[in-house]
Amino acid sequence: MVNTLTTTFVLPQAIAEGLMNGSYERVGGVVRDAVTKQVVVWLREVGKNGCATGSNGGWLIDLAKALQSLPVNPAVGVANFAVSAVNTGVSVHGFSKVNGRLDGIEQQLSAIENTMQNMQGVLQVTSAASILNLGVSVVGFTVILQRLGELEERLQKSQELLSKIDRKIDLSFYAEFRAALDLAMNAFTMSKPENRRSSALSAINRFLKAEHIYLGLVQQELEQKSPIIDEYLLTLALAYIAEARCYLELEEFDIVPQRLQTGAEKIRACLQKYVQMLLTSNPAAYLHPDFKEKIDLKRLTKVYQWLDPAMNENAVFELQRDNLFNLMDEQNARRGYKWVESLPAAIITQNEVKGSMFGNREETKQETMKRLPQAMEMMESMIETQQRFEAYQVEVQAIAQLGISFHEWLKLEPAEPQPEGANLMYILPSQPLEFA
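Numbering (numbering that gives the first Met the number 0), first residue to last: 0 to 435.
Hints listed in this document are in silico derivations from the structure and should not be mistaken for laboratory results.
Certain hints may be false.
Stated by the list, open to error - Straight line, CA to CA, 25 Å or less: simulated PhoX-like cross-link-like pairs of lysine-lysine:
no., residue 1, residue 2
1, Lys297, Lys272
2, Lys353, Lys224
3, Lys337, Lys369
4, Lys337, Lys291
The task is simple: from the sequences and hints, build the whole structure.
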């Protein structure tokens, strides 16, 4: 049976209901069956005219505004309804169909709240998450160049902090990366195929060099437990995406999944170390009473589930049982501020904090506690980034499996008028697609 594609601005009722009850899950830019992992929808950002866009803003729909206080999971898995509010832009029209049979607003909200009672916290989309779009087809060279500039600017702002610990950032590699992007963009404006291919391959070689450079920088900063790990990790991801984009423009589908898989494995290995670092020597700190309205066990569990899918709330609680008991002692003089002394520079450096004649460990503890909610957001956003990157591989495999060209995939757009406020289009295969 031939698998055909349907494009629409309205999320189908069955998909919306599946996201709400957990039978479907969003991972990056795809929605898939939570059990079989078969893909049922691709998500693609669009501009006001229905064309694909590189924008990555958060799209709040009217219904989401009414539900802001409801618990929704932030990181992975079944928290896809919340992501639809701030990250995937499900249109009001789609949800009106889902809820249209309910009588009255109170019944609508009650039904949704019952469905979502096991979720927590709306995903906070930080600048780290916004680096990558939902689909690789949307991430053109211009978008990559823009994201690269954002990362370079962030590093420049970090230079003042690093100078306090006698470290400097070498930004010359970013100039080389930009030059490679310029070469790639020029390559695909050439009319002669042989010239286009030759220039594209030259750009690919430069992207390969960038991958090695930034992987080395990530590993170096991980050893230093540095505050700029995320910038280098995201730059590494952009280097792999730029390489993949060149191959896609050349219609070289066979090699793209391999290269994206290589990138995903390297990035994930580094990101796991980064997340474990941000969890600190005593992750129970994230369950401190000060964060009662911000971070709870379900939210922390989702981070642990990304590290180990077998983890559940009970397992995480058991892991933190002794930590909860020891936390207070580890945060004060009784144990020599053990927790404070072990904090990574990725969260705080002690020379950032002014103290007294007795030192600054108490002040460092207080400042760190203020920063932990942001550290949690960073973990969630980097996990989201990794999931989007991994979903790119599935997108490329789908193009090959469907037997269409990359440029035909780019041209897909709904036939119906774009509803007001719709910032996504949905690409639905007639039959769910399965990938190795």
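Cross-check of the supplied hints:
A distance of roughly 21 Å separates the Cα atoms of Lys297 and Lys272; the hinted pair therefore holds under the 25 Å criterion. For the suggested pair Lys353 and Lys224, the alpha carbons sit about 21 Å apart, so the restraint of at most 25 Å is met. A C-alpha spacing of about 18 Å is found between Lys337 and Lys369, which places the hinted pair at or below 25 Å, so the restraint holds. The hinted pair formed by Lys337 and Lys291 meets the criterion: a straight-line CA distance of about 24 Å does not exceed 25 Å.
When the structure is compared with the earlier hints, no violation turns up for any of them.
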